[in-house]
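Listed here are the chains, written in short residue letters.
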Amino acid sequence: MKRITVLLAALALASASGAVSSQSGERQALREALDFAKAKIYPALVNISVVSARFSSGRTTRVGGAGSGTIISPAGHVLTNYHVARDATRIVCTLTSGEQIPADIVGDDPATDLSVLKLRLHERKDPTRPLPFAMLGDSDRLDVGDSVIAVGNPLSLSSSMTLGIVSNPRRVFTRGDEIQEFDFGAGSKTGMFTVWIQHDALILPGNSGGPLVNLQGEVVGVNTRGGSGYGFATPANLVKRVVNQILTFGEVRRGWLGMSFLPVAKLDRETGALVATVDPESPAEAAGIRPGDVLLALDGQVADCRFLEQVPVLYATIADMPAGKKVQAEFVRGGERLAVELTVAPMADFVGTEEELTALGITVQNITVPMAREHRYPDTRGVLLTGVRGGQVFEEAKPPIRAGDVILEVDGTAIVDIAAFAATFAAAREQNKEEVGVVYRRDREILVTLVKLDKDKPRKPGGELPKAWLGVNTQVLTPKVAQALGLEGRRGFRITEVYPWTKAHAAGFETGDLLIAFDGEPLKASRPQDARDLRNLVEDRVIGETVEVTVLRGGEEKKLEVELEESPASALDAKTAENETFEFIVRELTFMDRIERKLAKDQQGVLVTEVASGGWASVAGLPKNSILMALNDQPVTDVASFRRVMKEVEDSRCPVVKVFVQRGHRTSFVFIEPDWTRKAAARTEKK
Amino acid sequence: MHALRRAFGAAALCLAALPAALPAADEVGKRAEGIVTARSAAIVTIEVVLDYKRGERSGEVKVNTRGVIVADTGLILAPLEVLSPRMGQGPQPELKLQAIRVVVESDEKEWEAFVVLKDTLRGLTFLQLKDFKPADRKLQWVDFTKAAKAQTGEQLVTVLRLAKGYDYAPHFSVNRIVGEITKPRAAQLVDAAGPVGLPVFRLDGQLVGCHGVLASELAGDSSRHAVVFPADDLVNPIKQAREKAAEGEQKTE
Numbered sequence: 001m002k003r004i005t006v007l008l009a010a011l012a013l014a015s016a017s018g019a020v021s022s023q024s025g026e027r028q029a030l031r032e033a034l035d036f037a038k039a040k041i042y043p044a045l046v047n048i049s050v051v052s053a054r055f056s057s058g059r060t061t062r063v064g065g066a067g068s069g070t071i072i073s074p075a076g077h078v079l080t081n082y083h084v085a086r087d088a089t090r091i092v093c094t095l096t097s098g099e100q101i102p103a104d105i106v107g108d109d110p111a112t113d114l115s116v117l118k119l120r121l122h123e124r125k126d127p128t129r130p131l132p133f134a135m136l137g138d139s140d141r142l143d144v145g146d147s148v149i150a151v152g153n154p155l156s157l158s159s160s161m162t163l164g165i166v167s168n169p170r171r172v173f174t175r176g177d178e179i180q181e182f183d184f185g186a187g188s189k190t191g192m193f194t195v196w197i198q199h200d201a202l203i204l205p206g207n208s209g210g211p212l213v214n215l216q217g218e219v220v221g222v223n224t225r226g227g228s229g230y231g232f233a234t235p236a237n238l239v240k241r242v243v244n245q246i247l248t249f250g251e252v253r254r255g256w257l258g259m260s261f262l263p264v265a266k267l268d269r270e271t272g273a274l275v276a277t278v279d280p281e282s283p284a285e286a287a288g289i290r291p292g293d294v295l296l297a298l299d300g301q302v303a304d305c306r307f308l309e310q311v312p313v314l315y316a317t318i319a320d321m322p323a324g325k326k327v328q329a330e331f332v333r334g335g336e337r338l339a340v341e342l343t344v345a346p347m348a349d350f351v352g353t354e355e356e357l358t359a360l361g362i363t364v365q366n367i368t369v370p371m372a373r374e375h376r377y378p379d380t381r382g383v384l385l386t387g388v389r390g391g392q393v394f395e396e397a398k399p400p401i402r403a404g405d406v407i408l409e410v411d412g413t414a415i416v417d418i419a420a421f422a423a424t425f426a427a428a429r430e431q432n433k434e435e436v437g438v439v440y441r442r443d444r445e446i447l448v449t450l451v452k453l454d455k456d457k458p459r460k461p462g463g464e465l466p467k468a469w470l471g472v473n474t475q476v477l478t479p480k481v482a483q484a485l486g487l488e489g490r491r492g493f494r495i496t497e498v499y500p501w502t503k504a505h506a507a508g509f510e511t512g513d514l515l516i517a518f519d520g521e522p523l524k525a526s527r528p529q530d531a532r533d534l535r536n537l538v539e540d541r542v543i544g545e546t547v548e549v550t551v552l553r554g555g556e557e558k559k560l561e562v563e564l565e566e567s568p569a570s571a572l573d574a575k576t577a578e579n580e581t582f583e584f585i586v587r588e589l590t591f592m593d594r595i596e597r598k599l600a601k602d603q604q605g606v607l608v609t610e611v612a613s614g615g616w617a618s619v620a621g622l623p624k625n626s627i628l629m630a631l632n633d634q635p636v637t638d639v640a641s642f643r644r645v646m647k648e649v650e651d652s653r654c655p656v657v658k659v660f661v662q663r664g665h666r667t668s669f670v671f672i673e674p675d676w677t678r679k680a681a682a683r684t685e686k687k
Numbered sequence: 688m689h690a691l692r693r694a695f696g697a698a699a700l701c702l703a704a705l706p707a708a709l710p711a712a713d714e715v716g717k718r719a720e721g722i723v724t725a726r727s728a729a730i731v732t733i734e735v736v737l738d739y740k741r742g743e744r745s746g747e748v749k750v751n752t753r754g755v756i757v758a759d760t761g762l763i764l765a766p767l768e769v770l771s772p773r774m775g776q777g778p779q780p781e782l783k784l785q786a787i788r789v790v791v792e793s794d795e796k797e798w799e800a801f802v803v804l805k806d807t808l809r810g811l812t813f814l815q816l817k818d819f820k821p822a823d824r825k826l827q828w829v830d831f832t833k834a835a836k837a838q839t840g841e842q843l844v845t846v847l848r849l850a851k852g853y854d855y856a857p858h859f860s861v862n863r864i865v866g867e868i869t870k871p872r873a874a875q876l877v878d879a880a881g882p883v884g885l886p887v888f889r890l891d892g893q894l895v896g897c898h899g900v901l902a903s904e905l906a907g908d909s910s911r912h913a914v915v916f917p918a919d920d921l922v923n924p925i926k927q928a929r930e931k932a933a934e935g936e937q938k939t940e
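Going line by line, the protein sequences match chains A and B. FYI, my numbering numbers position 345 of the first sequence as 345, with every residue one higher than the one before it. FYI, my numbering numbers position 167 of the second sequence as 854, with every residue one higher than the one before it.
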């Protein structure tokens with residue numbers, strides 16, 4: 001019996017050891033597979049740092065952002081998400097080697113949320129050095145359970161890798177029975193053509209645009225969405241089509257027939273696609289197709305949309321048709337089989353171009369056909385007012401005009417797009433008009449308002465009434481303070497501070513002096529409410545008047561003559577300068593700035609009082625309340641020199657502006673990297 | 688019965704005293720009316736246009752107030768608060784002065800005006816009609832060098848104007864001096880707050896000073912009281928403001 005037990009134990013041990021050995025082997029195999037994939041993908045991975053322009057409240061603001069991308073060609077093409085690179089004014093890609101290379105947008109496609117960038121290889125230290133790149137794999141071969149790796153820079157934590165499995169290689173998001181599209185910014189829609197790869201490799205903000213990789217190190221998707229433990233990647237085979245179009249045309253060209261579809265499973269049909277919508281003025285409408293028709297075949301191919309997952313494939317098929325192509329559509333209406341010919345039209349951009357017109361203080365957008373359809377505008381005439389900047393001419397229009405209104409006419413001229421709109425205002429300026437009439441549509445109403453062409457600069461808020469001033473601070477000599485100082489029974493004021501560089505300082509006043517008489521009149525302050533008595537006495541005098549102040553110092557009375565000077569100018573009275581390009585305001589250093597900040601009398605520079613959020617200075621991190629002392633190594637001594645040096649900087653259009661600042665006791669540098677091209681594009685600027 | 692007779696007697700006395708008091712009230716009204724007639728042309732209506740910015744929100748705010756012309760050159764004394772009105776609770780927005788418009792009496796013309804000086808000590812500001820030439824329009828003004836002292840208990844008349852919607856109708860209010868204060872600075876306490884900056888007159892029509900507010904400067908005491916600043920206190924500031932106004936408007940750069 002004992003022998004049997006020992007044998008069983010030995011068997012169990014042998015079996016366990018076999019299991020351990022097998023697990024260890026699997027782990028080793030996985031480790032090797034990951035190493036292989038990592039070796040393939042890591043060199044091609046980039047961390048993308050962008051500064052993007054956003055339109056908000058009638059102005060352009062800049063925001064910094066980060067995402068991931070993959071180098072996909074030896075020529076330096078980088079694949080990423082549209083929502084990462086959208087409206088970027090500056091893009092810098094950092095390779096896993098640490099090399100940083102600036103990049104430009106080649107083209108983008110909001111419908112699939114993809115962008116293709118091009119690295120500025122000529123700006124590399126060694127442009128001849130070969131560039132690593134990754135290969136795009138076949139996403140159609142992915143199956144549930146396949147291991148996949150998400151690689152990227154989640155939360156800006158560079159070069160991170162997470163492992164998961166494919167949860168569903170053909171995920172379609174639905175709203176009711178329709179394909180759900182997503183707005184990843186700027187009002188564009190993503191998802192109509194996408195059958196997503198759903199996986200559980202952890203992705204977080206910052207992974208966007210990064211690769212989803214198979215264990216062969218091939219890019220099988222672009223990570224685009226994540227949440228609740230799942231990631232969703234745009235499949236590589238769709239990516240390939242988009243990239244090819246962008247590299248060929250600089251844009252994605254799609255065919256359009258003007259129909260939306262639903263699956264036919266609920267109609268108890270095996271094949272076909274139920275026509276849900278027919279857009280007005282579309283090829284489908286022209287061909288007489290109606291909602292309720294069941295499309296059977298298109299251009300000779302069976303319309304196979306029994307399930308919703310098949311609908312994006314049909315949309316992609318139509319999108320792949322070149323504009324102008326004539327295609328046969330076969331369909332069923334009320335049991336009758338019909339056939340019509342349609343001419344494929346080009347698919348219009350969903351979102352129109354948006355621009356800031358700085359001199360008018362507004363942002364406007366061209367109206368596309370899809371926008372007009374969505375907003376139910378009668379047509380695409382005019383420009384959409386998307387934002388009005390406070391305090392600028394449009395904001396002061398009477399009656400008021402606001403974001404969401406469509407501007408139809410300016411100064412009697414019909415507006416077709418932004419270019420026409422800007423040109424009309426420029427023409428009115430050239431004719432020295434003071435204001436123009438603007439006709440606009442708000443909901444169903446057509447309204448007229450008047451807009452001034454120039455805005456008066458804000459008025460100076462006025463300086464402080466000059467008053468006579470003795471350059472000292474004091475405290476009341478209360479009985480207890482007097483007793484503590486051994487001066488029982490004394491009344492008056494004790495000097496707590498003598499301001500440097502003042503006439504009081506020059507006259508020999510010292511901290512600790514007791515002021516006991518003012519021009520022969522005894523000072524009787526002894527209670528807190530007497531604190532203002534000395535100031536009242538001084539302010540009742542005339543600036544420049546000489547007074548005699550009796551002080552008690554070391555037990556001895558001294559009479560000091562001092563000329564009353566003008567009270568120091570307040571910050572509100574200081575000269576200011578606003579730089580509209582970098583969007584910050586400075587003012588001259590006042591006497592009290594020097595005192596409060598413990599600055600030297602001859603401290604040069606200007607005080608940064610305001611840095612507009614989203615402006616170039618803000619993006620660079622120019623600190624408010626710092627003292628700006630030099631720009632591009634040119635000293636800034638005061639407001640006048642700030643203006644002069646700033647003008648030189650703007651004229652030179654240097655790519656990086658080096659700003660020397662002091663904050664507290666520390667000096668530092670801030671590097672502003674503006675986008676001069678956008679400023680050049682401000683078409684309604686005053687000449 | 689005797690008591691009842693006594694009560695009747697007292698009531699009869701009261702009734703007999705009433706007709707004597709009523710003419711006194713009429714007298715105040717009559718005198719105030721005379722002051723309105725004589726002085727209301729110096730009281731102007733002011734509209735201040737400010738741009739505000741609070742975080743990402745911005746817009747325009749218009750504030751209406753009244754002021755008094757204090758020199759024939761078009762110098763106006765007005766409340767300082769109109770340039771930085773308190774807007775709601777919490778952190779205050781950043782304000783930029785865009786325009787000041789002044790209507791003299793109920794003229795059609797709106798004068799542009801600019802800020803000459805601010806007297807934060809008294810909560811007053813001096814405005815100047817822009818491009819004003821005395822030949823353009825004869826202005827009635829209040830001369831602060833010609834003033835009298837009012838006694839505690841004395842009634843004072845303030846001349847005011849309603850806004851545009853009421854065609855700038857002039858009217859008056861009556862206050863009474865109820866005390867003298869010396870701290871934080873000398874002023875006369877009045878029984879109710881009046882419009883800061885507007886002049887106050889004795890019933891004989893003599894100028895006393897202007898309405899103001901004094902705040903305690905002691906820590907922990909945030910009390911404020913309506914006062915009248917003596918006209919003498921304002922003579923020098925008006926002189927300074929007049930000189931400064933002659934230099935013209937300081938534009939922002």
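One should not assume that every hint holds.
In silico SDA-like cross-links for lysine to any residue, where the CA-CA straight-line distance does not exceed 25 Å [stated by the list, open to error]: (1) A:K467 to B:V748; (2) B:K783 to A:A397; (3) A:K575 to B:A902; (4) A:K398 to B:V748; (5) A:K460 to B:E747.
Derived, one-sided and incomplete: chain A residues facing chain B with beta-carbon distance under 8 Å [to be verified]: (6) T277; (7) E281; (8) A531.
Bear in mind the hints are in silico, worked out from the structure with no lab data behind them. Glycine is no exception: its CB is placed at the ideal position from the N, C-alpha and C atoms.
Next on the checklist: Given the hinted pair K398 of chain A and V748 of chain B, is their Cα-Cα distance within 25 Å?
Outcome noted: Roughly 14 Å between the alpha carbons, so the hint for K398 of chain A and V748 of chain B holds.
Item to check | Proposed proximity, A397 of chain A with K783 of chain B (alpha carbon, max 25 Å) | outcome: 18 Å, holds
Checklist entry - Hey, K467 of chain A versus V748 of chain B, does the alpha-carbon distance stay inside 25 Å? => result 31 Å, violated
Item to check | Cut-off 8 Å, beta-carbon criterion: hint that A531 of chain A touches chain B | outcome: Nearest chain B Cβ about 7 Å off; hint holds.
Checklist entry - Are the Cα positions of K460 of chain A and E747 of chain B separated by 25 Å at most? => result Roughly 17 Å separates the two Cα atoms, so the pair holds.
Item to check | Interface hint for T277 of chain A, Cβ within 8 Å of any Cβ on chain B | outcome: 37 Å, violated
Checklist entry - Against chain B, is E281 of chain A within 8 Å by beta-carbon distance? => result Check failed: Cβ of E281 of chain A comes no nearer than 39 Å to chain B, outside 8 Å.
Next on the checklist: Holds or violated: K575 of chain A and A902 of chain B, Cα atoms, limit 25 Å.
Outcome noted: The given pair, whose Cα atoms are some 30 Å apart, is violated under the 25 Å limit.
Of the numbered hints listed earlier, those contradicted by the structure are 1, 3, 6 and 7.
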